[in-house]
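Required output: the full structure, derived from the provided sequences and hints.
Next come the chains, spelled out residue by residue.
There are 2 protein chains.
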Amino acid sequence: MEAISHTEENYLKAIFKIAEREGKPVSTNAISNEMNTKAASVTDMLKRLSEKELIHYEKYKGVTLTDSGNRIATHLVRKHRLWEVFLVEKLHFSWDEVHDMAEQLEHIHSEELVERLDEFLGFPKFDPHGDPIPDAAGNFTFRKQLPMLDLEIGTKGVVVGVQDHSTAFLQYLDRLELVLGAEVHLLERFDYDESVKIILNGQKEQILSKKVAQNLFIQKK
Amino acid sequence: MEAISHTEENYLKAIFKIAEREGKPVSTNAISNEMNTKAASVTDMLKRLSEKELIHYEKYKGVTLTDSGNRIATHLVRKHRLWEVFLVEKLHFSWDEVHDMAEQLEHIHSEELVERLDEFLGFPKFDPHGDPIPDAAGNFTFRKQLPMLDLEIGTKGVVVGVQDHSTAFLQYLDRLELVLGAEVHLLERFDYDESVKIILNGQKEQILSKKVAQNLFIQKK
DNA sequence: AGGCTCTTTTAGGCTGCCCTAAATTTTGTA
DNA sequence: TACAAAATTTAGGGCAGCCTAAAAGAGCCT
Chain L
1 MEAISHTEEN YLKAIFKIAE REGKPVSTNA ISNEMNTKAA SVTDMLKRLS
51 EKELIHYEKY KGVTLTDSGN RIATHLVRKH RLWEVFLVEK LHFSWDEVHD
101 MAEQLEHIHS EELVERLDEF LGFPKFDPHG DPIPDAAGNF TFRKQLPMLD
151 LEIGTKGVVV GVQDHSTAFL QYLDRLELVL GAEVHLLERF DYDESVKIIL
201 NGQKEQILSK KVAQNLFIQK K
Chain U
1001 MEAISHTEEN YLKAIFKIAE REGKPVSTNA ISNEMNTKAA SVTDMLKRLS
1051 EKELIHYEKY KGVTLTDSGN RIATHLVRKH RLWEVFLVEK LHFSWDEVHD
1101 MAEQLEHIHS EELVERLDEF LGFPKFDPHG DPIPDAAGNF TFRKQLPMLD
1151 LEIGTKGVVV GVQDHSTAFL QYLDRLELVL GAEVHLLERF DYDESVKIIL
1201 NGQKEQILSK KVAQNLFIQK K
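These protein sequences, in sequence, are chains L and U.
Every letter in the first sequence is one number past the one before it in the working numbering, and letter 182, counting from 1, is 182.
Every letter in the second sequence is one number past the one before it in the working numbering, and letter 115, counting from 1, is 1115.
Because the hints were derived from the structure by calculation, they are not lab data.
Errors might be hidden in some of the hints.
Heads up, simulated SDA-like pairs for lysine to any residue below, C-alpha to C-alpha not over 25 Å straight-line [stated by the list, open to error]: (1) Lys17/L - Asp131/L; (2) Lys1090/U - Glu103/L; (3) Lys1090/U - Val114/L; (4) Lys90/L - Lys1024/U; (5) Lys1090/U - Val88/L; (6) Lys1156/U - Ala1137/U; (7) Lys90/L - Gly1122/U; (8) Lys90/L - Phe1126/U; (9) Lys1090/U - His75/L; (10) Lys1090/U - Lys17/L; (11) Lys1125/U - Arg175/L; (12) Lys1090/U - Val1160/U; (13) Lys211/L - Arg175/L; (14) Lys1024/U - Lys1052/U; (15) Lys1090/U - Glu188/L.
Here it is in structure tokens:
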């Protein structure tokens, strides 16, 4: 296996992320968008990644990861999420502060380091945003979860994840006390603006906008 | 302050290291040697670093760090050594395994991360090899220490550091049980090959070669 | 001082990764 | 189906960081 650059790794991760979101071959524009580079630069890189057999690439048809590309991307996700757990659990950063640091830490190359970090953290299955952490073999733990927006009236559940990872959203959730593990009980839905009324932790009634409800993952209980 | 690349950081660190060792302006060849690059490439980089006012450079005269170059290099040393402590204390790596990982980790950019890591580790003053960790302001803690080779007969002391950081040396020290904190009592010196006889931890007599004695730092007590 | 050797710099070139502008292909819609 | 708009690729270029070969400077020895 040839050496792979920091930049190549970032492209693979972007492709992985977009593919996961959209479930179809990934377009040049989508990548250029995700990475803040021009489409022409993306095409350049796609040729190189294709050369190294990390992606399947046919001109004008979009790309998909090969098995080895997928393995690398998954491993980056594993490292990113483990480092996020480290930053939150051990260094007491909050969930909205860790992304940029993890973005750098995920490029540290050392299998042994990752495995020992995993052990040090107690083999966590989810990161501070509720996203699953793949194991060393690349397997994700799945969970039955739904956007709060899709729950039926009367449902009780627990906040287990977020869709939007922006600082603004995460800080807003902190203000609302809608952190991971919070218990919610869906009382009512207002058709006018699709906002919802919930009881938080069995105590406080709260109205959540459609946008919030859409970006919060709930596990029913 | 402009952005500084990974590579530029490595040059600054190399210059810092050589200057510390040799106490005079650092030559192009010394850098090329330290970094495993050709002298012509070094000249190239020296021009760029000089342009950014990170080094003082006059053709054919060798280089020294400017204040801002020095600050950056010192901060890299701080990060390197803190991460080494983390790897040994928290992830249970041994002192001969951590260098390459720390070499990568030292390039992570985040002041806040470094400070929290420092706190998490209990503000260590020395790394796993006994080298001092500069504080956030760049100040090193000094210690009265001598190569074992220079001790007088009869001296008692404690192993506090090593000069040679090679895996081979460190692993050999482990075999000899000459780890940091070990107590030594210098019994005798053999002029023939400059080897020394010691008592280790008040118990075991041992002969150490000149090379070992030269590379072990002792604090008298 | 002259000459030899070692060190350093200059010249010219390559690769990775990025860009803009222009050409080409695909797609959506009249 | 044809054509305009959007997406993508090609062409050509820049910069960082590396290299080799050749030129230039410094240091030393007689």
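Checked hints:
1. Lys17/L - Asp131/L: Answer holds: Lys17/L to Asp131/L is near 13 Å, not above 25 Å.
2. Lys1090/U - Glu103/L: Holds. Lys1090/U to Glu103/L sits at ~22 Å (cutoff 25 Å).
3. Lys1090/U - Val114/L: It holds: about 13 Å lies between the C-alpha atoms, which stays within 25 Å.
4. Lys90/L - Lys1024/U: Cα-Cα ~42 Å, so violated.
5. Lys1090/U - Val88/L: holds (16 Å)
6. Lys1156/U - Ala1137/U: violated (34 Å)
7. Lys90/L - Gly1122/U: holds (13 Å)
8. Lys90/L - Phe1126/U: holds (21 Å)
9. Lys1090/U - His75/L: Holds: Lys1090/U and His75/L sit about 22 Å apart, inside 25 Å.
10. Lys1090/U - Lys17/L: violated (32 Å)
11. Lys1125/U - Arg175/L: This hinted pair is violated, its Cα atoms lying about 39 Å apart.
12. Lys1090/U - Val1160/U: Cα-Cα ~20 Å, so holds.
13. Lys211/L - Arg175/L: Distance of about 16 Å is within 25 Å: holds.
14. Lys1024/U - Lys1052/U: holds (22 Å)
15. Lys1090/U - Glu188/L: violated (48 Å)
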